[in-house]
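These protein sequences, in sequence, are chains A and B. If you're matching positions, the first sequence starts at -14 in our numbering and goes up one per residue. If you're matching positions, the second sequence starts at 20 in our numbering and goes up one per residue.
Honestly, the hints are just simulated from the structure, not real lab data. Hints may be right or wrong, so weigh each one.
[Unchecked claim] So the derived list for chain B, only partly shown, Cβ under 7 Å to chain A, looks like this:
1) Val41
2) Asn43
3) Gln68
4) Ser75
5) Gly78
6) Val81
7) Ser82
8) Lys111
9) Leu112
10) Leu115
11) Ile118
[Claimed, not checked] The following label-pair restraints were derived from C-beta to C-beta distances:
12) Gln45/B / Glu313/A: 54 to 62 Å
13) Leu268/A / Gln45/B: 26 to 34 Å
14) Leu464/A / Gln45/B: 26 to 34 Å
15) Gln45/B / Arg210/A: 40 to 48 Å
16) Thr121/B / Val505/A: 32 to 40 Å
17) Lys26/B / Ser438/A: 53 to 61 Å
18) Arg88/B / Gln189/A: 54 to 62 Å
19) Gln27/B / Glu178/A: 27 to 35 Å
Where is the CB? At the ideal position from N, CA and C, for every residue including glycine.
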Amino acid sequence: MTDLQTVLSAFRDATGCAAAVWAEDDGRLPSRLAASTPAVGVLGWTPPFDVGPPHAVDSPGGPAIVTAIQGPRRCWLVIGPSSEPAAPLENYLRFLLPVVSQYLQSALEVEHAANELAERYEEINLLYTITEILGRTVALGEAASTILKEVSETVGARRGSILVHDRVTDTLQTVAVLGVPALEVPPIALTDECSVSAHVFRDQRAMVVAEDDADPCPAEAFYRRGTMLSVPIMWTSPGGGAEPLGVVNLSDRASGQAFSAGDQKLVTAIATQIGTAIQNSRLVRASLSQQRLVQELELAHDLQMKLLPRTEIVDPVAQVAARVVPAESVGGDFYNLFQLGDERTGVMIGDVSSHGYRAALIMALAMSASAIHAQGSNDPGRMLGALLGTLREELATTEMFISTFYAVIDKRAGMIRYANAGHPHAYHVSGDGTCERLPALDPPLGMVESAQSARTRPWVSGTDLLLLFTDGVSDARDLFGRRFGEQPIVDTVRRMHAEPPYTILQQVFAQLSDHTGTAVQRDDLAVVLVRS
Amino acid sequence: MSFALRKQGDVVVVDVEGQLIVGNRQELKQKVLDELERGEKKFLIDFSQTGYIDSSGLGVLVSLSKKIREQGGELRLANLNDDLKTLFELTKLDTLFQIADTRERALESF
């Protein structure tokens, strides 16, 4: 009030008459707000205050006039005493009263503006604080209590809660609560008709509920005192659809005043940030879960590939090139190789119907069982019969079957003996490039109970090739849905039959890749080439 | 890809349009099993409009054949195109099913 002081002092200098402004603060006795200096003759004197018209009083320094100043604040203007005994105090009053009134009015407006600015600053500070809190964490649980405390302080609430929708139980679960231990607050069913929170969540609209607006629901009674502001926590997807995720409740305001539209706006802004945090937290959890799943699938793929034997295990009796490419991370195509002694090599290819995990489990079972039975019998028919005996129950319960081809190449005797259970793609490639299909002798394993037959044919050691592949190769589609077919593979192998098996295998897969391009692989692929 | 079921006399005739593959085999299986549950005994699956059957499609045919037989019924197949015929021959599945060249012959054979 130094400006007012200056005005009053200037007035005294000009007129020789003292002037002072008194004001009442918060119901206490009025005190001097400003006065002309020096305050000759009035120090220690308190004028009588009255709300009536201007009235003359006697001050220690001489006559004076006191008058109340109109306005929202209770203030009085005191004119006098004057150094001139006959000073026109009424005239001075008429001159000075409008000036002081205008000054006080302006000062009040400035004060209001400053308060308003302080409040806005406080709100901005709250938004920054919450952004920082949420930025430091991905789990809302850790941040919720701090956020609730900050918001409550800003709007002057002493009780409150943050509730988040649990999709499994379809209830609002308390993640933070102020004014009562969190453990005591039970969840609220979304169908609860007496719950303000459930109502706000369902309607997706904020509400201010007065204390006497019906009985509070038991769960809300913990943190509802007086007027309660209840705001939905919303999340708006990039597509524009809004989804409610929870509710923020605030009550028991220290000032006892109702929540204003500004409070509601502020809490709505905070609730939006909380909504984004909840959604981010869910996305992070889903992403981590997806990442774990991918890692597990990669592990399953590696494990399955490790079940397939290295082709070197039959060296030097046979030279083998083989490759399996599952359509998913794991699949049902497989091959197996056995060193059977006396320059005999067992070669097997199999295709479990369907693909994915179920097929992979049957494949693993077939791999381990075939390894046992191959050593137990030199006859491919009996070996497949024994394999069916092991897998029968599993195939029946899963309604799966295996098309499989198993051959024993006897290098010393110059013979190949094979059994074929429904496997369509097995070829004997002779030294002159002739390709002859080794047809299925029985339906696939798991389709019939019958014994497995076998056939023997001559084999030219070091020259002849055995070509085996699964239907995933011949059925591979290009981007226009056209099949790769059997013929391109057979032609390639016939043309390159004198080359090492691995070179031929590379060429087959290069051709296959040229055909399919970027088309999605629909089935598992397996190719095996054997020279012995 | 769809399956049309209609009754011709006392035979349930199923037309397989498009493909019979891993993605739709369960639908075929359920439709046929529903009819079996209602007491139907004679089934004919007509492949005249079918381009391709994958290994799981073959599996569902075998599974249906077994279930129909267990209930004292019969399953016939008809109108396999050349590719499908070859597939059935190469996998020896032709020994498991009664396959007719035309729908009429299949119906007569019941």
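Here is how each hint holds up against the structure:
Evaluation of the Val41/B hint against chain A yields a held restraint, the C-beta minimum of about 6 Å falling below 7 Å. At a threshold of 7 Å, the smallest CB-CB gap from Asn43/B to chain A is about 13 Å, leaving the interface hint violated. The beta carbon of Gln68/B comes no nearer than 17 Å to any beta carbon in chain A, farther than 7 Å, and the hint placing it at the interface is violated. With a cut of 7 Å, the hint placing Ser75/B at the interface with chain A holds, because the nearest CB-to-CB distance is about 5 Å.
Interface restraint check for Gly78/B: the shortest CB-CB distance to chain A comes to about 4 Å, inside 7 Å, so the restraint holds. Hint status for Val81/B relative to chain A: holds, with the closest Cβ pair at about 5 Å, below 7 Å. The beta carbon of Ser82/B comes within 5 Å of a beta carbon in chain A, closer than 7 Å, and the hint placing it at the interface holds. With a cut of 7 Å, the hint placing Lys111/B at the interface with chain A holds, because the nearest CB-to-CB distance is about 4 Å.
Nearest Cβ of chain A to the Cβ of Leu112/B: about 6 Å, under the 7 Å cut. The hint holds. Nearest Cβ of chain A to the Cβ of Leu115/B: about 6 Å, under the 7 Å cut. The hint holds. Restraint check, Ile118/B versus chain A: the minimum CB separation of about 13 Å is more than 7 Å; hint violated. For Gln45/B and Glu313/A, the hinted distance range of 54 to 62 Å is not satisfied, since their beta carbons lie about 18 Å from each other.
Between Leu268/A and Gln45/B the Cβ separation comes to about 33 Å, which falls inside the hinted range of 26 to 34 Å. In this structure the supplied range 26 to 34 Å holds for Leu464/A paired with Gln45/B, their Cβ-Cβ distance being about 27 Å. Against the hinted window of 40 to 48 Å, the Cβ-Cβ separation of Gln45/B and Arg210/A comes to about 59 Å, which falls outside the hint. Roughly 36 Å separates the CB atoms of Thr121/B and Val505/A, a value that falls within the hinted 32 to 40 Å.
Evaluation of the 53 to 61 Å hint for Lys26/B and Ser438/A yields a failure: the beta carbon distance comes to about 40 Å. One distance hint, 54 to 62 Å for the beta-carbon pair Arg88/B and Gln189/A, holds here, with the actual separation near 59 Å. For the pair Gln27/B and Glu178/A, the supplied restraint of 27 to 35 Å is violated, since their beta-carbon distance comes to about 58 Å.
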